Amino acid sequence: MRIRKEATYDGVWTVFVGEGLCFSDLSGPAADALVAAFARFAEAGE
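Counted the way my numbering counts, the sequence shown spans residues 1 to 46.
By construction, these hints were calculated from the structure, which means they are not laboratory data.
Please read these numbers as outputs of a predicted model, since none were measured by experiment.
Backbone N, C-alpha and C define an ideal beta-carbon position, used for all residues, glycine too.
Be aware that one or more of the hints could be misleading.
[As the list claims (entries may be wrong)] Once the Cα atoms are required to be at most 25 Å apart in a straight line, the calculated SDA-like pairs of lysine to any residue come out as:
| hint | residue 1 | residue 2 |
| --- | --- | --- |
| 1 | Lys-5 | Cys-22 |
| 2 | Lys-5 | Gly-20 |
| 3 | Lys-5 | Ala-36 |
| 4 | Lys-5 | Val-17 |
| 5 | Lys-5 | Ala-42 |
| 6 | Lys-5 | Ala-39 |
| 7 | Lys-5 | Ala-44 |
| 8 | Lys-5 | Glu-19 |
| 9 | Lys-5 | Ser-27 |
| 10 | Lys-5 | Leu-26 |
| 11 | Lys-5 | Ala-37 |
| 12 | Lys-5 | Ala-30 |
| 13 | Lys-5 | Val-35 |
| 14 | Lys-5 | Gly-45 |
| 15 | Lys-5 | Ala-31 |
| 16 | Lys-5 | Ser-24 |
| 17 | Lys-5 | Gly-28 |
| 18 | Lys-5 | Phe-41 |
| 19 | Lys-5 | Arg-40 |
[Said to hold, decoys possible] Label pairs and their computed distance ranges (CB to CB):
| hint | residue 1 | residue 2 | range |
| --- | --- | --- | --- |
| 20 | Ala-44 | Thr-8 | 25 to 33 Å |
| 21 | Ala-44 | Phe-23 | 14 to 22 Å |
| 22 | Tyr-9 | Gly-45 | 27 to 35 Å |
Using the sequences provided together with the hints, build the complete structure.
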């Protein structure tokens with residue numbers, strides 16, 4: 001599962017998980033927490 005985050009032009013973050021899940025309008029710490037949580041989830045599924 002691919003997990004990535006991108007900054008938008010207005011300084012908020014978007015996190016993309018897999019092929020079709022997207023979380024937008026996140027603060028930096030919230031984006032980092034979401035990436036870490038999904039990374040643990042993906043690791044547990046291996």
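What hints, given by number in increasing order, does this structure fail? none
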